[in-house]
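Here the protein sequences line up with chains A and B, keeping their order.
Residue numbering for the first sequence follows my numbering, starting at 25 and increasing by one per position.
Residue numbering for the second sequence follows my numbering, starting at 2 and increasing by one per position.
A few of these clues could be false.
[To be verified] Listed below are the simulated SDA-like cross-link pairs for lysine to any residue, each with C-alpha atoms no more than 25 Å apart in a straight line:
hint	chain 1	residue 1	chain 2	residue 2
1	A	145	B	58
2	B	107	A	229
3	B	82	A	246
4	B	57	B	18
5	A	117	A	194
6	B	125	A	236
7	B	194	B	134
8	B	57	A	141
9	A	233	B	96
10	A	233	B	54
11	B	57	A	247
12	B	107	A	252
13	B	107	A	332
14	B	107	A	328
15	B	82	A	248
16	B	78	A	237
17	B	83	B	94
18	A	233	B	181
19	B	107	A	327
20	B	11	A	231
21	A	233	B	97
22	B	83	A	251
23	B	57	A	149
24	A	233	B	104
Hints were generated in silico from the structure; no laboratory data involved.
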Amino acid sequence: MKYAARRIASFLLTMVIVSFLAFMAFDVISGDPATALLGTEATPEAIAALRTEMGLDRPLGVRYGEWLLGFFTGDLGTSYVYHQSVSEIIAPKISVTLLLSFVSFLLILLISIPLGLSAAKRSGGALEAAGTAFNQFCMAVPPFFTGMLLSYLFGVILKWFMPGVFPDLSTDFPGAMRHIFFAAIAIAVPRIAMTVRMLKSTIQSEMRKSYVRTAISRGNDRSAVLRVHVLKNSLVPVITFLAQTMAEIVAGGIVVEQVFAIPGLGRMLVSSISNRDYPMVQAIVVILALWVVLSGTVADLVNQRIDPRLRLGGDR
Amino acid sequence: MLEIRDLHIKFHNREREAVSGVSLTIHDGEILGLVGESGSGKSVTAMSVAGLLPRKQCSYSGAIYLDGAELLHIDRKELRKKQGKAIGVVFQEPMNAMDPLMTIGKQVEEVLRIHTTCSREERKRLALEALAAVDLPDPEDIYGKYPHELSGGMLQRAMIAAAIVIRPKLLLLDEPTTALDVTIQAQILELLKRLNKESGISMLFISHNLNVVRKLCSRVAVMQRGVLVEEGDVETVFHHPQHPYTQHLIAAIPRRERKENRHGTK
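Next comes chain A alone, as it looks inside the complex (with noise of 0.2 Å):
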């Protein structure tokens, strides 16, 4: 339970600076907000005057204080070029982008965990080389590629959906999930490659370490070994492998979703970040690291309940 603790601890502390640093990029970068607004034929004097009605004329310490405030009572600011409440703005794109991640991530797991499987029982011959190369050519596909193949073949010619229309989620559920479904499919494929590898070459190595010798020794047949000692043995470096893919997902899903026009977290990044929209963009960067640094920590309580070997130093 310490480690759980600690564990957490530092996962706050990670936020604290990723949001910081996120902060002070703004910064840092040029391009002023109310240059931004006002364009450059301002005169200084307007600029200046917006510039401390935005507030940015205070020191930044004090700018992410306040922020960090903020952000723990809910209220995320006001974007510049929407004026309005950055969460109003934000809580509707964030169930679309966490839909998407969640059927990217279900397809990953539906197909990828029986193929890796299969795929680490049947070794050499050619069906294996056949497949290590579509394996090969699946992980080079950009999605967005895909995405463009999937529009034109399933939107364009089968009209399955309408490419470039989102529909609404509230009026038109399945109609936006068929939507999201041909999405998820272009951003899962790659990962779907890259996870049948990874699990594929994690259990073969599994099955060639000593304790697998010891367990045919007692009279197992290689079904049990797989289930009752390799598996468990494979899962460590497995789910750490899907906590980056869980974070992959969503760094993937803000060039997909531009290609589908699905109205995401990450097409309001794109344009809040021409925009200039700091507030817009701060909340949207600091919401990404979240999911980031929350499924990493998520992986490593999981990986610590299974294997005791990483509790060390943390349950003394």
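Since the structure of chain A is already known, use the hints to place chain B on it.
Frame of chain A; chain B shown alone:
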């Protein structure tokens, strides 16, 4: 009880036979030492007895009888019924030979789970008995521990407990003390000797160290390059080695150790 008859094993990826024409017998309650340098075929011989030969990667001929039942050509399913139950194996390097994510207790019980219909409580009782039989202090505590929490010597005792908990006829020991330091090594040898005396279990003890074999075994067989070069009573072989290779092995033992042994550590 164990009879190996004209055993030949050749791995497909090797030129030379790993084992060429080895015949050996172990009598009831006997401890036979099998000595040779690495690559002499002693481990391959033992692995073929334990049914751990990768059958697809080698060609093999001859016969292995355990109490009359042939093991070398037996079908996989029948073989699994013998593995662990009739033949227990203790490997080198207990740290790697144990599943790192399974408690010692569960690993000691594993053979019982596979081969018997014992209830959970019964299995635990037998496992605790076995852990006590190999002189592990506080078996209840050890039962719930993971391999990384024990020392090498304790782990090897636990491995022995896991192999003998079901009372097999034959115990194969593949360099069980090589990875351990000398004092622990002596303790493990004492333990094996005692188990042999108390339960009458037969043992095949494999080692590259003739001196270790001399402390434990009554009879010894010497292998070199896949061939059995000498076999006989351990003291006879030690004092009057016939084959030049055996003389070589004895000469390799430091003088002081040889003397100490003559006065008898036991």
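Structure-based check of each hint:
1. Among the hinted pairs, residue 145/A with residue 58/B is consistent with the structure: their alpha-carbon atoms are about 17 Å apart, no more than 25 Å.
2. The straight-line distance between the Cα atoms of residue 107/B and residue 229/A is roughly 23 Å, inside the 25 Å bound, and the hint therefore holds.
3. A threshold of 25 Å between alpha carbons decides the hint, and for residue 82/B with residue 246/A the separation of about 14 Å falls inside it, so the pair holds.
4. Proposed proximity of residue 57/B and residue 18/B is supported: the alpha carbons are some 15 Å apart, at most 25 Å.
5. For a cut-off of 25 Å, the pair hint linking residue 117/A to residue 194/A stands: about 13 Å separates their Cα positions.
6. Proposed proximity of residue 125/B and residue 236/A is supported: the alpha carbons are some 23 Å apart, at most 25 Å.
7. With a C-alpha separation of about 13 Å, the suggested pair residue 194/B and residue 134/B falls inside the 25 Å cut-off, and the hint holds.
8. Using a Cα cut-off of 25 Å, the hinted pair residue 57/B and residue 141/A holds, with the two alpha carbons roughly 22 Å apart.
9. A threshold of 25 Å between alpha carbons decides the hint, and for residue 233/A with residue 96/B the separation of about 11 Å falls inside it, so the pair holds.
10. For the proposed pair residue 233/A and residue 54/B, the alpha carbon gap of about 15 Å is at most 25 Å, so the pair holds.
11. With a C-alpha separation of about 18 Å, the suggested pairing of residue 57/B with residue 247/A holds against the 25 Å cut-off.
12. Distance hint between residue 107/B and residue 252/A is fulfilled; the C-alpha atoms sit about 11 Å from each other, no more than 25 Å.
13. Distance restraint check for residue 107/B and residue 332/A: the Cα-Cα separation of roughly 15 Å lies within the 25 Å cut-off, and the hinted pair is therefore satisfied.
14. Taken as a hint, the residue 107/B and residue 328/A pair is honoured in the structure, with Cα atoms around 20 Å apart against an allowance of 25 Å.
15. Only pairs whose Cα atoms come within 25 Å are accepted, and residue 82/B paired with residue 248/A is accepted, the gap being roughly 14 Å.
16. With a CA separation close to 17 Å, the supplied pair residue 78/B and residue 237/A stays within the 25 Å bound.
17. About 24 Å separates the Cα atoms of residue 83/B and residue 94/B, which keeps this hinted pair within 25 Å; it holds.
18. Between residue 233/A and residue 181/B the CA atoms are separated by roughly 20 Å; this keeps the pair inside 25 Å, and the hint holds.
19. Between residue 107/B and residue 327/A, the direct Cα distance comes to roughly 20 Å. Compliance with the 25 Å bound is thereby established for this hinted pair.
20. Proposed proximity of residue 11/B and residue 231/A is supported: the alpha carbons are some 23 Å apart, at most 25 Å.
21. Of the pairs offered as hints, the one joining residue 233/A and residue 97/B holds, with about 8 Å between alpha carbons and a cut-off of 25 Å not exceeded.
22. The straight-line distance between the Cα atoms of residue 83/B and residue 251/A is roughly 21 Å, inside the 25 Å bound, and the hint therefore holds.
23. Annotation: proposed proximity of residue 57/B to residue 149/A holds, straight-line Cα distance about 15 Å (limit 25 Å).
24. Under the criterion of a C-alpha separation no larger than 25 Å, the hint pairing residue 233/A with residue 104/B is consistent with the structure, at around 18 Å.
Consistency with the previously given hints is maintained throughout, with no hint failing.
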